[in-house]
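Participant: Position 10, counted from 1, in the sequence shown is what the UniProt record's numbering calls 10; the numbers after and before it change by one each time, with no gaps.
Bear in mind the hints are in silico, worked out from the structure with no lab data behind them. Treat the hints loosely; a few may be bogus.
Said to hold, decoys possible - Straight-line Cα separation of at most 35 Å, DSBU-like style, residue types lysine-lysine; simulated pairs:
no.: 1; residue 1: 12; residue 2: 31
no.: 2; residue 1: 129; residue 2: 25
no.: 3; residue 1: 12; residue 2: 84
no.: 4; residue 1: 36; residue 2: 116
no.: 5; residue 1: 36; residue 2: 84
no.: 6; residue 1: 10; residue 2: 36
no.: 7; residue 1: 129; residue 2: 84
no.: 8; residue 1: 31; residue 2: 129
no.: 9; residue 1: 25; residue 2: 36
no.: 10; residue 1: 129; residue 2: 36
no.: 11; residue 1: 31; residue 2: 10
no.: 12; residue 1: 69; residue 2: 12
no.: 13; residue 1: 84; residue 2: 116
no.: 14; residue 1: 12; residue 2: 25
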Amino acid sequence: MLSVPVTDVKQKALNALNNLSMNTKNQEELKVQVLKVLVNLSANPAMAEHLLNSQAPLLLSLFDGCVNKDVLFRVLVFATNLTKSMRHDKGSAVHNRYNEDSIFSTLSDNSLYIQKLASLLHHHDAEVKEQVAKLIMQQC
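Take these sequences, add in the hints, and give me the full structure.
Facilitator: Below, the structure written as C-alpha cells:
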C-alpha cells in the first residue's frame with residue numbers, strides 16, 4: 001500500500017500502522033503476530049541474509065524469562081532459524097557482509113546474548129527450555 005502513488009492511500013496506510021503502534025491493550029498479541037511473520041521469513045534461506053543484516057536494537061531485551069512465553073518462544077525460533085542459516089554460510093566470508101550493529105552481530109559475537117540464553121535454560125516452560133537448548137547446540 002505504501003508503494004501506491006496516490007497520496008491519500010499512503011496516508012491512510014501510515015495512519016493504520018500508527019494506530020497499531022498506539023494500541024497498548026493488544027501489544028503482546030501484536031508482538032506475537034509480527035514474530036510469526038518473522039519466524040516464517042527466517043525459515044526461508046533467501047530472506048535470511050536480509051534479516052541478518054537488519055538492525056534490531058531491542059532484540060536482546062526479548063531474550064528474558066519475564067517476557068510473555070509466546071513472544072519468547074517465537075523469538076527463540078526466529079534466532080534458531082537465523083543461526084541455522086549462519087552455520088550454513090560459515091565457510092564463506094560472511095562476517096564482511098554484515099554491519100556490526102546487525103542481527104548477525106547480535107547472534108554471533110555477543111556475550112550478553114550467550115548469558116541470556118544460559119539463564120533461559122532455567123525457564124519454567126519446557127518448550128522454551130527445549131528451544132534454548134536447540135539454539136545453544138547450534139552455536140557450537
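Participant: For this structure, which hints from the list above don't hold up?
Facilitator: 3
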